[in-house]
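J.: Here's the letter readout for the chains.
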Amino acid sequence: MAYLQMQGITKLYPTSGVLANDGVDLAVDENEIHAVIGENGAGKSTLMKLLYGLEHPDGGEITFRGETVVIKDPFAANRLGIGMVHQHFKLVSDFTVAENVVLGSEPRKRGLFIDRQTAVKDVGVVIEEHGFSVDPKRRIKDLTVGQMQQVEIVKMLYRNAELLILDEPTSVLTEQEIERLFVTLRNLLERGKTIILITHKLEEVMQMSHRVTVMRGGKVVAVRNTSDVDKRELSRLMVGKDILLEVNREQKTFGDPILELRDITIRCRGQGRPLLDTINLQVRSGELVGIAGVGGNGLAEIEDVIGGLRHASSGQIFLHGEDVTALGPEDLREVGLAYVPADRLHRGASLPSSVRENCIVTKHHDFLKAGVLQRRNTREFTEELIDHFSIDAAEGMPVGNLSGGNIQKMILARELAADTDFILFSEPTWGLDIASSQFVYERMLELRARGAGVLLISSNLDEILGLADTILVMYRGRVVGRLENTEAVTKEIIGEYMLGLRDDSEPVGAAAPSEVHRG
Amino acid sequence: MDRKRIANLLSSTTGLALTVGISFLIVVLLILVLSDEPGRAIYYFFIGPFTKAYYFGNLLNQAIALMFTGLGIAVAFKSSTFNLGGEGQAYSGAIVATVILLALPNMNGFIGGAAAIIAAVGMGAFLAGLSGFFRMRWGTDQLISSFLVSAAVILIINYLVTGPLDDPVNSMLTTARIGRQYQFLRIFKPSKLDISIFFAVAAAIGTYFFMQRTHWGYEMRMCGINREFSRYAGINVGKYLLVPMAISGGFHGLAGAVTIMGTHYRCLKGVTMGIGWNGIAVALIAKNNPIAVVPAALFFAYLEAGAKAAMLHSDVTFELAKIAQAVIFFLVTAQALYGLFRSRKKVGS
Chain A
0 MAYLQMQGIT
10 KLYPTSGVLA
20 NDGVDLAVDE
30 NEIHAVIGEN
40 GAGKSTLMKL
50 LYGLEHPDGG
60 EITFRGETVV
70 IKDPFAANRL
80 GIGMVHQHFK
90 LVSDFTVAEN
100 VVLGSEPRKR
110 GLFIDRQTAV
120 KDVGVVIEEH
130 GFSVDPKRRI
140 KDLTVGQMQQ
150 VEIVKMLYRN
160 AELLILDEPT
170 SVLTEQEIER
180 LFVTLRNLLE
190 RGKTIILITH
200 KLEEVMQMSH
210 RVTVMRGGKV
220 VAVRNTSDVD
230 KRELSRLMVG
240 KDILLEVNRE
250 QKTFGDPILE
260 LRDITIRCRG
270 QGRPLLDTIN
280 LQVRSGELVG
290 IAGVGGNGLA
300 EIEDVIGGLR
310 HASSGQIFLH
320 GEDVTALGPE
330 DLREVGLAYV
340 PADRLHRGAS
350 LPSSVRENCI
360 VTKHHDFLKA
370 GVLQRRNTRE
380 FTEELIDHFS
390 IDAAEGMPVG
400 NLSGGNIQKM
410 ILARELAADT
420 DFILFSEPTW
430 GLDIASSQFV
440 YERMLELRAR
450 GAGVLLISSN
460 LDEILGLADT
470 ILVMYRGRVV
480 GRLENTEAVT
490 KEIIGEYMLG
500 LRDDSEPVGA
510 AAPSEVHRG
Chain B
0 MDRKRIANLL
10 SSTTGLALTV
20 GISFLIVVLL
30 ILVLSDEPGR
40 AIYYFFIGPF
50 TKAYYFGNLL
60 NQAIALMFTG
70 LGIAVAFKSS
80 TFNLGGEGQA
90 YSGAIVATVI
100 LLALPNMNGF
110 IGGAAAIIAA
120 VGMGAFLAGL
130 SGFFRMRWGT
140 DQLISSFLVS
150 AAVILIINYL
160 VTGPLDDPVN
170 SMLTTARIGR
180 QYQFLRIFKP
190 SKLDISIFFA
200 VAAAIGTYFF
210 MQRTHWGYEM
220 RMCGINREFS
230 RYAGINVGKY
240 LLVPMAISGG
250 FHGLAGAVTI
260 MGTHYRCLKG
270 VTMGIGWNGI
280 AVALIAKNNP
290 IAVVPAALFF
300 AYLEAGAKAA
310 MLHSDVTFEL
320 AKIAQAVIFF
330 LVTAQALYGL
340 FRSRKKVGS
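Residue numbers (numbering that gives the first Met the number 0), protein chains in the order written: chain A, 0 to 518; chain B, 0 to 348.
Mixed in with the good hints, there may be bad ones.
To be verified - Only part of the chain B face toward chain A is listed, based on derived beta-carbon distances under 8 angstroms:
no., residue
1, Phe133
2, Arg136
3, Thr139
4, Thr213
5, Tyr217
6, Met221
7, Ile224
8, Glu227
9, Phe228
10, Arg230
11, Ala232
12, Gly233
13, Asn235
14, His263
Unchecked claim - Derived CB-CB ranges, DEER-like:
no., chain 1, residue 1, chain 2, residue 2, range
15, B, Leu31, A, Lys140, 46 to 56 angstroms
16, B, Tyr42, A, Glu105, 31 to 41 angstroms
17, A, Gln437, B, Trp215, 14 to 24 angstroms
18, A, Arg481, B, Asn235, 45 to 55 angstroms
19, A, Arg109, B, Trp215, 26 to 36 angstroms
20, A, Thr62, B, Phe329, 46 to 56 angstroms
21, A, Asp93, B, Ala52, 56 to 66 angstroms
22, B, Gly269, A, Ser92, 33 to 43 angstroms
23, A, Ser389, B, Phe329, 48 to 58 angstroms
24, B, Thr139, A, His310, 15 to 25 angstroms
Said to hold, decoys possible - Residues on chain A that point at chain B, a partial pick, calculated with CB under 7 angstroms:
no., residue
25, Pro328
26, Ser352
27, Leu372
Calculated directly from the structure, the hints in this document are not laboratory data. Just so you know, these numbers come straight off a predicted model, no measurement behind them. Glycine residues also receive a C-beta, built at the ideal position from the N, C-alpha and C atoms.
Let the sequences and hints guide you as you build the complete structure.
T.: Have a look at this one:
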């Protein structure tokens, strides 16, 4: 019997209808580093949430150290000796390291007061024992990202965690910090801990893990000894076989550029490498450009920059030949931007508001008479959209009552109604069923046929391959691949770019960040 | 959907009724314990306001300022901006109106009155707008900045009223009296009820229309519900950190001016005290619905009138009256029972 055994784990998210885990089996041996890899949405985070008690499985069984356990909440997980280091740190920035570590299980004085001295001492012991280098008396806000992660790990060790789950631990770290983390992990291993490493970075898997479980689409597709596989095989296992989308994409010539990004760079304070590194891209009339990549490699930032929600540190953006670099969403929409965001529940829609209020939001100026919204016009407009896009909803319904597919249809309807020559889609079919996805694809191709420029940001390779004329692949904030979508381009090739195994971009090298010429 | 809406309404009104009922019960218990003539005290506390036209008129008059401040808070909260400076804004409206009216002793009543009201609204809007501006520019916490600005303003006005603007002729801490032509018509003598109650009701209807039907109201509500969505859709979200605050402050300034022109005719020290905070309670009971602000304000005024009647006609002391009021105020505004009621229902279903 393995140290940790998860068997037949099933988890359905009823609101979105997504079956995130479908009969997943995971076996982790004592004192090993076990990598769980998969693309975004493969179900690995869900599986870990179930193990850490943040979510509860709909089916299946967890056995830990030979006993069947039900993990009610993270406290229960801690008591069992399971600790988790989240991708986004959960620390109180105004508290000291020691205060953060003991938070929730503080040593007490006379049963009532927090014993700070003991806290500092105990935390100091844990830090020293495991070879960390943070001062327990420093405040979190004065630490680097790498040190914050150390604090998270210390927090778990302080709670006597024997099994540590690390969720994408390297995504926010610099190269040096990653090295340090690896040293730490080896150290922990020597002390008899067991580690589950969730990642989509193959390099780390190869370097650190003993065994690897590969997930795809909510299922486990392979379990291997790391020494028996190479990166290429893992990449193939992760992305799976090509699924040909049934879309009709006829070849055609492209017109003038509609959207152009020149040397767009986003730097973030406290982070060594830029979130976006001199991105150049062009979307021409009648062209569908697909940007592929694994989450955390700059896709979200590209979406934000083009949507006007975030400004680039340097570089320029042109829309219809106009320099729109400094414009916000309000002005961009005036110039001609339609945009279907990845986060449809918060950014793309206002759930408590009615369908009507959601539909008119981008063009409510058109329904005004002396500053008053003309109810009949807004209702007719909304009903037209509902009709046209066969949205299963009434105009007065709160959007929160709609299904995920219908919410996306509504957003799509609204954005297409703007009738712009450029439209940005970010993860447009994430979590949608096949019929709804097909509907979205058809609309996108219609736009393309009409001569609009379409930019599709997606981590779903099938849709990128099925739809795009030109494919850009992002890795660590850079465009590492720029391909014309011909027969020769396969999922494997894109997968290799996505996972950093191929890189066509010039090495950034020792050159200082190039000055961006303006005007 | 409609059934759901009705169910929601029912559960919220049931919760409110329950809260009010329980708080009344506590008041009754308090009086039973602390009064030697509890029957009489209870009678006057709850029924007193309706026993005389004078009391009833004053009750309605009390509600006027609360309607204005309640509307101001409702507009701000509905837009997810936070105005805790109502006291100072109302007080500043009162002093500005008074100063202008005192400076124009012989002006036509309508022109001078309009000037005073506009200036009072402007002053309130400016004070609250400051907090909006701070948040827009530097992300300052509106709750704190609006409260602090107001707290400072109150002290300055207190100084003005008791110092440079004090009327030496009378012995009270107050300015001189404004001209007769500026005093609102009293419509229910001998009570102090004046015509501005119609303005208040009209303002509630107007605000409702503004919020629900106009372009600005729509954008403000959208920003209030989901700022990320609003920004994405191209609404100028920065502007709507400031505008709702300014409107809110304007309503408070107006409440101050109306208090002077309709009730007191002079700016006493602390003349508007309480209407700012009570406006928040009124807006909370009304769930930020401008129309519901009217009955909510009447309810509050009723409590106030009941306490006064009980003090006059029984052995209920000022302190007891205030405690009784506070109990109701506390329970109703905390909405503690709302939450309890809801979560219970969720668990049950």
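J.: Determine for every hint whether it applies to the structure shown.
T.: Taking the hints in turn, this is what the structure says about them:
For B/Phe133, the shortest C-beta to C-beta distance to chain A is roughly 20 angstroms, which exceeds 8 angstroms, and the interface hint is violated. Interface hint status for B/Arg136: violated, as the beta-carbon distance to the closest one in chain A is roughly 16 angstroms, over 8 angstroms. Interface restraint check: B/Thr139 against chain A, minimum CB-CB distance 18 angstroms, threshold 8 angstroms, status violated. Hint on B/Thr213 holds. Least Cβ distance to chain A is approximately 5 angstroms, under the 8 angstroms limit.
At its closest, the beta carbon of B/Tyr217 sits 6 angstroms from a beta carbon of chain A; the interface hint therefore holds under the 8 angstroms criterion. With a least beta-carbon distance of about 6 angstroms to chain A, the hint placing B/Met221 at the interface is held under the 8 angstroms criterion. The criterion of a C-beta within 8 angstroms of any C-beta in chain A is met by B/Ile224, whose closest approach is roughly 5 angstroms, and the hint holds. Interface restraint check for B/Glu227: the shortest CB-CB distance to chain A comes to about 5 angstroms, inside 8 angstroms, so the restraint holds.
For the restraint placing B/Phe228 at the interface with chain A, the shortest Cβ-Cβ distance is roughly 5 angstroms, inside the 8 angstroms limit, so the hint holds. Against a cut-off of 8 angstroms between C-beta atoms, the interface hint on B/Arg230 holds, since the closest Cβ of chain A lies about 6 angstroms away. For B/Ala232, the interface hint holds, since its Cβ comes within 8 angstroms of a Cβ in chain A; the closest pair sits about 4 angstroms apart. Satisfaction of the interface hint for B/Gly233 is found here, the shortest Cβ-Cβ separation to chain A being roughly 4 angstroms, below the 8 angstroms cut-off.
The closest approach between the C-beta of B/Asn235 and any C-beta of chain A is roughly 6 angstroms, which is under the 8 angstroms cut-off, so the hint is satisfied. Given hint, B/His263 at the interface with chain A, is violated; its Cβ is 36 angstroms from that chain's nearest Cβ, farther than 8 angstroms. Taking 46 to 56 angstroms as the suggested C-beta distance range, the pair B/Leu31 and A/Lys140 conforms, at roughly 55 angstroms. The hinted window of 31 to 41 angstroms between B/Tyr42 and A/Glu105 is violated, with their beta carbons roughly 54 angstroms apart.
For the pair A/Gln437 and B/Trp215, the supplied restraint of 14 to 24 angstroms is violated, since their beta-carbon distance comes to about 40 angstroms. A beta carbon spacing of about 37 angstroms between A/Arg481 and B/Asn235 contradicts the range 45 to 55 angstroms that was offered as a hint. In this structure the supplied range 26 to 36 angstroms is violated for A/Arg109 paired with B/Trp215, their Cβ-Cβ distance being about 58 angstroms. Checked against the hint of 46 to 56 angstroms, the C-beta distance between A/Thr62 and B/Phe329 comes to roughly 52 angstroms, which is consistent with it.
Under the hint 56 to 66 angstroms, the C-beta atoms of A/Asp93 and B/Ala52, about 59 angstroms apart, fit the expected range. Look at B/Gly269 against A/Ser92: about 41 angstroms separates their beta carbons, and that is inside 33 to 43 angstroms. The beta-carbon spacing between A/Ser389 and B/Phe329, approximately 52 angstroms, falls within the hinted interval of 48 to 58 angstroms. With their beta carbons about 22 angstroms apart, B/Thr139 and A/His310 fall inside the hinted range of 15 to 25 angstroms.
Interface restraint check: A/Pro328 against chain B, minimum CB-CB distance 5 angstroms, threshold 7 angstroms, status holds. Look at A/Ser352: its Cβ gets to within about 6 angstroms of chain B, closer than 7 angstroms, so that hint holds up. This hint holds: A/Leu372 has a C-beta 6 angstroms from the nearest C-beta of chain B, less than the 7 angstroms allowed.
This entry does not satisfy hints 1, 2, 3, 14, 16, 17, 18 and 19, going by the numbered hints stated previously.
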